[in-house]
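Trainee: Residue-level listing of the chains:
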Amino acid sequence: MALFSLTTFVIFHFGLHRTSLSGDLAAGVLWVTLLFAAMLGVNRLFVAEHEQGGFDAFLLAPVDRSALLVAKAAALFAYLVIVELVAVPAFFLLLAGPSPGQALPDLLWILLLADLGVAVVGTLTSALAIQTRARDLIGPLTALPLLIPVVIAGARATEPLLGANGAGAVPLKWAAILGLYDVVFALLSYAVFDFLLED
Amino acid sequence: MAAPGTEAAGRPIAAGDARREPDPAVELDGLGRAYGERVVLRDVTLALEPGRTLLVLGPNGAGKSTLLRILATLLRPHAGRARVLAHELPREGWAVRGRIGLLAHEPLLYRDLSGRENLRYQARLFGAPEARVGELVERVGMARRADEPVRTLSRGMVQRLAICRTVLHRPELLLLDEPLANLDPAAAELVEPLIGRTAGATRLLTSHDPAGALARRSRSRPWRCSA
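So the protein lines, in turn, are chains A and B.
Counting from 1, position 175 in the first sequence corresponds to residue 175 in this note's numbering; the numbering is continuous, with no gaps.
Counting from 1, position 107 in the second sequence corresponds to residue 107 in this note's numbering; the numbering is continuous, with no gaps.
No wet-lab data here; the hints were simulated from the structure.
It cannot be assumed that every hint is accurate.
Stated by the list, open to error - Partial pick of chain A residues on the chain B-facing surface, computed with a CB cut under 7 Å:
| hint | residue |
| --- | --- |
| 1 | Gln52 |
| 2 | Gly53 |
| 3 | Gly54 |
| 4 | Asp56 |
| 5 | Ala57 |
| 6 | Leu60 |
| 7 | Ala61 |
| 8 | Pro62 |
| 9 | Val63 |
Claimed, not checked - If you want the ones that stay clear, here's a sample from chain B, every Cβ over 10 Å from chain A, calculated:
| hint | residue |
| --- | --- |
| 10 | Asn60 |
| 11 | Leu74 |
| 12 | Arg97 |
| 13 | Gly98 |
| 14 | Glu106 |
| 15 | Arg111 |
| 16 | Asp112 |
| 17 | Ala143 |
| 18 | Asp147 |
| 19 | Arg170 |
| 20 | Ala181 |
| 21 | Thr198 |
Just so we're clear, the structure is a prediction, and the values are computed from it rather than from any experiment.
Just so it is clear, CB atoms sit at the ideal spot from N, CA and C, and this is done for glycine as well.
Extracted from the complex, chain A is given alone in its bound form (with noise of 0.2 Å):
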């Protein structure tokens, strides 16, 4: 995933072939990056349960299922931290300038209530997917569409912290979508996710 990052850092570094990038474009770039990287995780996120039997030695255990779904999205959710800590430095020096230190706070909590929003959908859907043959497939499809809203909302809060003239302030509208996306996902997560498991 970090490397999956860098790489296409790198390749819109030489492709847009420019010094560096600003405002909405620089946004749009970070938040892509960082989604398609997410999908990455999301896809392998069940891999060993299904593939190994884990699912049903899990299913077997008389523990709450909605444990598996906290689980694994706490996991996907340090995975994410993880690329971002790779990630966003590697943005900064390859696309954003190589001054963040304004930029940086503010962009840190609004990627983690982002990361956040993913974790809990790309677990919902990661576990949706690993039921059918075309999983690479599915998980990207189901996930991308409901992952709209943070990237949309995502890019709009760090939008005026990437300006060419400095950071600027977040817009709270934006960053409390985040927060609703979060919660609303979540609380949609643990009603369904029992059915999900179940064949």
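Based on these hints, arrange chain B on the given structure of chain A.
Mentor: Coordinates of chain B only, in the frame set by chain A:
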């Protein structure tokens, strides 16, 4: 009703104790299950008393594993009624999960983890004491190899670990799908106290090998499941 060990084409035949008690460990009435258009189980009716063993015989693809998966709460029945350990399935599946041990075709072990790590993970899921892990690997003769990744072990060794996983939480009902598959005679002898007649649990075994399986059954009055 068929004689033990005989087979109707495509139908598993069960042999076991037929005496009905008021509260059977397993009670099926008209159970059915299909995968899409393909009907795998149709009108399966049987009762198994606590402490007894029921042997289900049938050719490959007859639905034996599907029957066990339904009883283990991994599959929903599409027709009929299933009652396990006095709880209706699938509605009360949560109440019986920790009381059932399923030994399936797949070992249900993570290949990249060691046998001991797998069993510790299972022990935590089932609330079993960790000391039980050491005790079991010792009893099946796997103490020396239990710290190696499962993917490096032979199929017989993996089967022994799978048996440890199955009995880790001392289940009341054992659902055993070809339990001695891949085991040499010495290993079969080692696992006998864990999953054999002396294990003390109600057992439902499946096999496609009538000769070997009938030698291990509890009683000989037959049942037939139509599939």
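Trainee: If we take the beta carbon of B/Asn60, is the closest beta carbon in chain A still more than 10 Å away?
Mentor: About 20 Å separates B/Asn60 from the closest Cβ of chain A, which puts it past 10 Å; holds.
Trainee: Taking the closest Cβ pair, is A/Gly54 under 7 Å from chain B?
Mentor: Because about 6 Å separates A/Gly54 from the closest Cβ in chain B, which is inside the 7 Å limit, the hint holds.
Trainee: Confirm or reject: B/Arg170 is not an interface residue toward chain A, with every Cβ-Cβ distance exceeding 10 Å.
Mentor: At about 13 Å from chain A, B/Arg170 clears the 10 Å cut-off, so the statement holds.
Trainee: Does the CB of A/Ala61 sit less than 7 Å away from some CB of chain B?
Mentor: 4 Å, holds
Trainee: Take a quick look at B/Arg111 and tell me if its Cβ sits farther than 10 Å from every Cβ on chain A, holds or violated.
Mentor: Per Cβ check, B/Arg111 is inside 10 Å of chain A; nearest 5 Å; violated.
Trainee: Let me know if the C-beta of A/Ala57 comes in closer than 7 Å to any C-beta of chain B, holds or violated.
Mentor: With a minimum Cβ separation of about 4 Å from chain B (threshold 7 Å), the hint on A/Ala57 holds.
Trainee: Double-check A/Gly53 for me: the hint is only fine if its C-beta lies closer than 7 Å to a C-beta in chain B.
Mentor: Where the cut-off is 7 Å and the nearest Cβ of chain B is about 4 Å from A/Gly53, the hint holds.
Trainee: Hey, does the A/Val63 contact hint survive, CB to chain B under 7 Å?
Mentor: Hint on A/Val63: holds, closest Cβ of chain B at ~6 Å, below 7 Å.
Trainee: Taking the shortest Cβ-to-Cβ distance between B/Ala143 and chain A, state whether it exceeds 10 Å.
Mentor: 22 Å, holds
Trainee: Does A/Pro62 meet its interface restraint, that is, does its C-beta lie within less than 7 Å of any C-beta in chain B?
Mentor: 3 Å, holds
Trainee: Confirm or reject: B/Ala181 is not an interface residue toward chain A, with every Cβ-Cβ distance exceeding 10 Å.
Mentor: 15 Å, holds
Trainee: Should the interface hint for A/Asp56 be scored as holding, given a Cβ-Cβ cut-off of 7 Å against chain B?
Mentor: 5 Å, holds
Violated hints for the displayed structure, listed by number in ascending order: 11, 12, 13, 14, 15 and 16.
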